[in-house]
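Chains as they are written, first to last, in this note's numbering: chain A, 1 to 74; chain B, 1 to 74; chain C, 1 to 74; chain D, 1 to 74; chain E, 1 to 74; chain F, 1 to 74.
Be careful, since some hints might not be right.
You can't tell identical chains apart in this list, so a pair holds if it fits in one copy or across any two.
What the hints assert, rightly or not - Heads up, simulated EDC-like pairs for lysine to aspartate or glutamate below, C-alpha to C-alpha not over 20 Å straight-line: (1) Lys2 <-> Glu26; (2) Lys2 <-> Asp44; (3) Lys2 <-> Glu53; (4) Lys2 <-> Glu50.
What the hints contain is simulated information worked out from the structure, not anything from laboratory work.
Number of protein chains: 6
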Amino acid sequence: MKLSARNRINARVVGVTRGEATANVEMDAGGTRLVASITVEAADELALFEGQEVIAVVKASDVILAVADDPAGG
Amino acid sequence: MKLSARNRINARVVGVTRGEATANVEMDAGGTRLVASITVEAADELALFEGQEVIAVVKASDVILAVADDPAGG
Amino acid sequence: MKLSARNRINARVVGVTRGEATANVEMDAGGTRLVASITVEAADELALFEGQEVIAVVKASDVILAVADDPAGG
Amino acid sequence: MKLSARNRINARVVGVTRGEATANVEMDAGGTRLVASITVEAADELALFEGQEVIAVVKASDVILAVADDPAGG
Amino acid sequence: MKLSARNRINARVVGVTRGEATANVEMDAGGTRLVASITVEAADELALFEGQEVIAVVKASDVILAVADDPAGG
Amino acid sequence: MKLSARNRINARVVGVTRGEATANVEMDAGGTRLVASITVEAADELALFEGQEVIAVVKASDVILAVADDPAGG
Numbered sequence: 001m002k003l004s005a006r007n008r009i010n011a012r013v014v015g016v017t018r019g020e021a022t023a024n025v026e027m028d029a030g031g032t033r034l035v036a037s038i039t040v041e042a043a044d045e046l047a048l049f050e051g052q053e054v055i056a057v058v059k060a061s062d063v064i065l066a067v068a069d070d071p072a073g074g
Numbered sequence: 001m002k003l004s005a006r007n008r009i010n011a012r013v014v015g016v017t018r019g020e021a022t023a024n025v026e027m028d029a030g031g032t033r034l035v036a037s038i039t040v041e042a043a044d045e046l047a048l049f050e051g052q053e054v055i056a057v058v059k060a061s062d063v064i065l066a067v068a069d070d071p072a073g074g
Numbered sequence: 001m002k003l004s005a006r007n008r009i010n011a012r013v014v015g016v017t018r019g020e021a022t023a024n025v026e027m028d029a030g031g032t033r034l035v036a037s038i039t040v041e042a043a044d045e046l047a048l049f050e051g052q053e054v055i056a057v058v059k060a061s062d063v064i065l066a067v068a069d070d071p072a073g074g
Numbered sequence: 001m002k003l004s005a006r007n008r009i010n011a012r013v014v015g016v017t018r019g020e021a022t023a024n025v026e027m028d029a030g031g032t033r034l035v036a037s038i039t040v041e042a043a044d045e046l047a048l049f050e051g052q053e054v055i056a057v058v059k060a061s062d063v064i065l066a067v068a069d070d071p072a073g074g
Numbered sequence: 001m002k003l004s005a006r007n008r009i010n011a012r013v014v015g016v017t018r019g020e021a022t023a024n025v026e027m028d029a030g031g032t033r034l035v036a037s038i039t040v041e042a043a044d045e046l047a048l049f050e051g052q053e054v055i056a057v058v059k060a061s062d063v064i065l066a067v068a069d070d071p072a073g074g
Numbered sequence: 001m002k003l004s005a006r007n008r009i010n011a012r013v014v015g016v017t018r019g020e021a022t023a024n025v026e027m028d029a030g031g032t033r034l035v036a037s038i039t040v041e042a043a044d045e046l047a048l049f050e051g052q053e054v055i056a057v058v059k060a061s062d063v064i065l066a067v068a069d070d071p072a073g074g
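Using the sequences and the hints given, assemble the complete structure.
Put into structure tokens, the structure is as follows:
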């Protein structure tokens, strides 16, 4: 299956915090911490476990850019 | 400034494709390709240039998880 | 009221899973299952009930396209 | 590949409007019109053509519910 | 029509920047500048004009909070 | 830090509803009620309190426009 979403980040599941409706999935992507909020139903269906290899998929229109106020120190 | 957004990925600008309203910013995050679609106005205001250090910021609710159909090969 | 959002899908409420902050609303749209995660406050305000006719509204920029790897079987 | 996204709507491509950065993909899903705004790069990669079968994927947190002001006519 | 979306901000259209696929709508909401990126099709359908009264609608899950690093100056 | 996100609305925290995974933050922006759904982790990290000054940040692509069916009364 090909996806139009431009961002696919390989990561491993570190932990899952479950509420009644939403689950927050904490991941590690080569030292960068990632978090995904998904439905509890999706977390169950994906059978997430610690150490599992997953792909964090993000649409380009959902990425905000931040830059330091003065990166050059000028 | 602190942000509620849980995902902040350090990256470098690789290139910018500008339309009239939208600019797609291609980035490299330690070997992972990222793309952000932002307004042309924002691209101008951030004065993006090739090689610039930026942070790709994504809200946890905008992250989709994908897993291989059978990661264990079973 | 006219909305800029391009996707409006007629559906019926099948069930609601409520947490403290978020409610997941399961719907049926002519045989296609849909799920919306909204605030519990919104679920209360809309007075959702099973069988209720609703419209699932989605912005065009929130739609990801997926295609089979080889739809032509070639 | 399994996705956490809860909404997957089968559709056929009706047309594509291309800008420099963004492409709007118009689809038909059993009589319901759908539109996805994706990057031009993604449109090229998916090799979209009229009549192509695609899946419109939407995260549950990106679905807004609308209900008529007085569905019971009371 | 009632919407589940929790944020509805009254605003006036200040200007529209049109590309081929996307239009950026600049608004004024009581002194706060707002910008919406919508499809050109939606901009045409809404027949947007300068000074027009509109409502900027945003889902609660699309709002990021930012706070100053040290608001108390301590 | 500069952000690409085009909408930054000054507001004050009115209240926080916490679930296990998600917190809904109610705000007042000069008389307009705003709500943000963020992770409980983010709510803790921002140390939100009633009356706190915050900025509600929204990407332009997450803003939907609504207009009255007949604003001119014609």
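Output the numbers, in ascending order, of every earlier hint that fails for this structure. none
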